[in-house]
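**Student:** Okay, here's what each chain looks like letter by letter:
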Amino acid sequence: MLRLLKIEWNKIYNYKTARIFIILYFVLLASMGYLVTIIKPRFDSINIDLARLGAYIFPYVWQNISYFADFGSIFLAIIIIANITNEYSYRTIKQNLIDGLTKKELLLSKLLVSLIFVVLSTVLVFLACLGLGLYYTKNPVSIFTGAEFVLGYFFKLSVFFSVCTFLAVWIRKSGFAFMLIILWRLGESIILALETYYSSSSSYCVSNLLPANATTNLLPFPRIHPQNFLTGQTVFSLGDFRAEYCIVAIAYIAIFIFLSYRLLKKRDL
Amino acid sequence: MNIVLEIDKLSKHFGSLVAVDNISFSVEKGNVYGLLGPNGSGKTTTLGMILNVVNPTKGSWKWFGKEHNPEALKKIGAIIERPNFYPYLSAAKNLQIVANIKQASVSLIDEKLEIVDLLHRKNDKFAAFSLGMKQRLAIAAALLNNPEVLILDEPTNGLDPQGIIKIREIIKQIAETGTTIILASHLLDEVEKVCSHAVVLNKGKSIYCGTVENMSSELGYFELGTANVDNLIGILESMPYFEKIVRKQHFVSATLKTDLDAEELNKILVNSGIFLSHLVKRKDNLEQQFLNLIKNETDVTITKNRVE
Chain A
1 MLRLLKIEWN
11 KIYNYKTARI
21 FIILYFVLLA
31 SMGYLVTIIK
41 PRFDSINIDL
51 ARLGAYIFPY
61 VWQNISYFAD
71 FGSIFLAIII
81 IANITNEYSY
91 RTIKQNLIDG
101 LTKKELLLSK
111 LLVSLIFVVL
121 STVLVFLACL
131 GLGLYYTKNP
141 VSIFTGAEFV
151 LGYFFKLSVF
161 FSVCTFLAVW
171 IRKSGFAFML
181 IILWRLGESI
191 ILALETYYSS
201 SSSYCVSNLL
211 PANATTNLLP
221 FPRIHPQNFL
231 TGQTVFSLGD
241 FRAEYCIVAI
251 AYIAIFIFLS
261 YRLLKKRDL
Chain B
270 MNIVLEIDKL
280 SKHFGSLVAV
290 DNISFSVEKG
300 NVYGLLGPNG
310 SGKTTTLGMI
320 LNVVNPTKGS
330 WKWFGKEHNP
340 EALKKIGAII
350 ERPNFYPYLS
360 AAKNLQIVAN
370 IKQASVSLID
380 EKLEIVDLLH
390 RKNDKFAAFS
400 LGMKQRLAIA
410 AALLNNPEVL
420 ILDEPTNGLD
430 PQGIIKIREI
440 IKQIAETGTT
450 IILASHLLDE
460 VEKVCSHAVV
470 LNKGKSIYCG
480 TVENMSSELG
490 YFELGTANVD
500 NLIGILESMP
510 YFEKIVRKQH
520 FVSATLKTDL
530 DAEELNKILV
540 NSGIFLSHLV
550 KRKDNLEQQF
560 LNLIKNETDV
570 TITKNRVE
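Each protein sequence line maps, in turn, to chains A and B.
Reading the first sequence from the start, the letters are residues 1 to 269 in my numbering.
Reading the second sequence from the start, the letters are residues 270 to 577 in my numbering.
With the rest of the complex left out, here is chain B (with noise of 0.2 Å):
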């Protein structure tokens, strides 16, 4: 495994606010990272720390394997919050000063600003773009260097939908070319859509490290439909693998105990004579699996509060 940033019990501390709470979780190289959390959840904070913008409390981290590495920022390219530019300069020399200061080469300009669709107003000022058009001039900026890691904190925060389908497949763009990507949105659908991990953050205290798909431990359930709905729901309480079985309006819903493939299931019951009309197996999606791990970590601390 290749590791590309490890972050070790990292807090931070605003007077009395813990706004980071030890955290600890590592990214691997090529894949997309999701970090999640509602508003206040400490992911800017944790990115902020990570990029030597915000001085820890307590804690570490290691960039390409090296604790106190200025040099890493030059192989990373990240956008906080919103984008930050001179507003006075064109689109170009905004980014000829950032790759000066990334040491990148200045050619590369014009090709990362062909990949977000902005090469034909290179030369406008950036105080005349809208939101979208920045935003996607900050992606250009972070890409300037052909950076091993991209970090983006909330890419599509106030765009219109077509702004958000863009940065979208910008971002799916890049991740097929291998780059790692740490993406942080509060938007779940945002990170369903383009992530492969997740790691997901509450209260400043990480709860959740690893894929998306594990993210919930249960197996799914399955929305079957047919013509006669009382014989299937009778065949299917006689089956060892549902622990639950649900009348819907159009169909059938029968959540998994033990694994089952959607194959299997249809075998068996054409099997007992049983045609189905509809057959779809479902998980949660992942608001429903991030809510339901939210859920989870405020009922420990309830019930942990009564013990006491």
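Chain A with its partners taken away, still in its complex shape (with noise of 0.2 Å):
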């Protein structure tokens, strides 16, 4: 394992372009709990202000905080094809193998840095919540409640970056992969529109199973509810938590993991 990442690690840092991005992702990543209170939107010459609409209290702080930060994962996408397409461009897999590289060990070294990617983003999220939070509600009680977001926010981008490898090792150069990647996320929205139209309001659509739609449901858009501005309540609520969502997530981890290491495994080099 630490053989992999040793290697990964010298692949990786060592690439100006990937170093620049990913110190800057976790710098903005890390100081998000201070930037997003400096950032006050301009509405026809009203100031925005989240702080005093209650968007950083608990328990909305970590649905709100969760659901922005998922913006910055496609820095990381970006790195995480360009890792694994510059190893079809360079033709280094095949070097790899040759020196004794197992197509297994492979994948796991690209998924490891997934995975690290994905853990380190999953805390910094989470203390920038729970810092926001505390600094903001007045008399915290319950601040745990509504942290499943964070866990919504993690399922969220390892079903992303799953699909990012298998894209990614699938189609062997970047500039396709992120294309197909844009197609699948608009795609997504466009299937789950239309069956939304044309369904009865009361059935289920069976749309919210694709991979994108369904990790929606573990971090859906943050509940706004302007009205409430008006007679001083609190302009957020928060959205419905689908635990059952979970599961299908790690499905589809699985799957796209399943069908990476396959088609490494059929493909000649």
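These are calculated hints, taken from the structure and not from any lab test.
Values in this document were obtained by computation on a predicted structure and should not be read as measured data.
Note that beta-carbon positions come from the ideal geometry of N, C-alpha and C, so glycine has one too.
Each hint should be verified, as a subset may be incorrect.
Stated by the list, open to error - Dumping the calculated DSSO-like pairs for lysine-lysine here, alpha-carbon to alpha-carbon at most 30 Å:
| hint | chain 1 | residue 1 | chain 2 | residue 2 |
| --- | --- | --- | --- | --- |
| 1 | A | K103 | B | K403 |
| 2 | B | K526 | A | K16 |
| 3 | B | K394 | A | K266 |
Stated by the list, open to error - The following label-pair restraints were derived from C-beta to C-beta distances:
| hint | chain 1 | residue 1 | chain 2 | residue 2 | range |
| --- | --- | --- | --- | --- | --- |
| 4 | B | G309 | A | V27 | 50 to 56 Å |
| 5 | B | K278 | A | V27 | 57 to 63 Å |
| 6 | B | A396 | A | P220 | 43 to 49 Å |
| 7 | A | I247 | B | E383 | 55 to 61 Å |
| 8 | A | I255 | B | L377 | 40 to 46 Å |
| 9 | B | L377 | A | L35 | 43 to 49 Å |
| 10 | B | V375 | A | I116 | 20 to 26 Å |
| 11 | A | I247 | B | L377 | 32 to 38 Å |
| 12 | B | E275 | A | V123 | 48 to 54 Å |
| 13 | B | E438 | A | G175 | 39 to 45 Å |
| 14 | B | A396 | A | I116 | 26 to 32 Å |
| 15 | B | L377 | A | K265 | 28 to 34 Å |
Hints are included, so try docking the two chains, each in its own frame, into the full complex.
**Tutor:** In structure tokens form, the structure reads like this:
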């Protein structure tokens, strides 16, 4: 395990672009707790202070910050995809195998990098939420209510990165892999929208089981009630964390890892 | 006999194309093998299979007497086709990755860079290297684990004459340490200069496997020069050893039918009153032998087709 990490460390850390991206990403994520408090978007000459709207108080802070932090995952996706497609374009994947790395170890080393990214991001997001919550909540009682959205964040990243890994192994060209990622995200939203539109309101939408949609159920868009602003109530309310989708997420992670492995195994280099 | 590699009826099909067709041969410890064949004869595919990067269609192979032996690759150093490294990493960092993969000691890096004369460039990026340097770095990488077997696929491809000589010297040096070497090449004089054994492939089939010397069944020929050529030819024709005697511009070429020493021939001719100014016993060079092998193979196929 340590051996695989050493190998990957040399490959990624000494790659200037990747290093800058990674450092930038984690610095931004770590300082997110502070940065979000100085962002005050303007609407019609009104500065919206999210802190005063209660975005950072328990329990809403867990969902809001996790949802917001998820946008950063595209940074890591770029690095994960490039780290795999580079092996193909430099043909080092062939040399690595000839030198005695097995295909299993090769995939494992790539997955390890993703796992470290995911765990580190999750820890930082957790700390940011906790810090903001403690700072802004007047009388914090049940601090960890709503913290399950950080778990949702963890699964969302994990599924996203397993798809990235699979696409990178499959397509072998970073540009086309990115294009497919975008198409995939758009495609799922469109399918869900169509299904919602054409099905009766009570029935369950099967397209919720698609990978991106399923993980969105673990970390949905924050619920905002602008009308409450006028009456002085909290603008936010806590979304539903649909724990059953954790199983769907785990299934997808397993499927994409398996598919990547099978592709690697079957293909001649 | 200590067999390092044993290939048994190995085949690879790419769709309808048969790239490697039922190849079997074995490699003994300590010898330098030339894997010969024209372009597209299946050399690289065969090497790819025994190095686990190409999945075989049929057949099996054993490294060090064991089938499915991924650990074996750590005892092998191999370069296939062209040097593949991370262009943004320095030579030393690239070798560090290789060392980690092979579980070799990182402390060997400087030593191996010294062998291929790249120590002074160790901190330069791979992307900045010339082709010859890249090729040498690849050899250093292949040597990192002090391999028992070294596999080189076209190591001098695209190099200038100095580069070729340098690589050849390195290969000879390594061979002297008793490392088994498999050298794939279509450059025959390359192989002739360093190899003791040869495996010849043609159209995916192996048509010869053995020592370079025995590759041709011919006994060779003499080149003889003397003042009185007519006299010489007369005497040669009266002897039972030759199947063909040809007069050339400066000497006479006599092809052997039964084996005869140069010393023996000289003695006979002196006794007959002929003093030679020129005496050489030759065999066809590898190129000629190789072409003959390939030609025979083709002839056989043609005859077969005719019979059918």
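**Student:** Determine for every hint whether it applies to the structure shown.
**Tutor:** Status of the hints after comparison with the structure:
1. A:K103 to B:K403: holds (25 Å)
2. B:K526 to A:K16: violated (69 Å)
3. B:K394 to A:K266: violated (33 Å)
4. B:G309 to A:V27: 50 to 56 Å: holds (53 Å)
5. B:K278 to A:V27: 57 to 63 Å: holds (58 Å)
6. B:A396 to A:P220: 43 to 49 Å: holds (46 Å)
7. A:I247 to B:E383: 55 to 61 Å: Holds - the Cβ-Cβ distance for I247 (chain A) and E383 (chain B), about 57 Å, lies within 55 to 61 Å.
8. A:I255 to B:L377: 40 to 46 Å: holds (42 Å)
9. B:L377 to A:L35: 43 to 49 Å: Check passed, 47 Å falls within 43 to 49 Å.
10. B:V375 to A:I116: 20 to 26 Å: For V375 (chain B) and I116 (chain A) the Cβ distance comes to about 23 Å; the hint holds.
11. A:I247 to B:L377: 32 to 38 Å: Cβ of I247 (chain A) to Cβ of L377 (chain B): about 49 Å, so the range 32 to 38 Å is violated.
12. B:E275 to A:V123: 48 to 54 Å: holds (52 Å)
13. B:E438 to A:G175: 39 to 45 Å: holds (43 Å)
14. B:A396 to A:I116: 26 to 32 Å: holds (28 Å)
15. B:L377 to A:K265: 28 to 34 Å: holds (31 Å)
In terms of the numbered hints stated before, the structure departs from hints 2, 3, 11, listed from lowest to highest.
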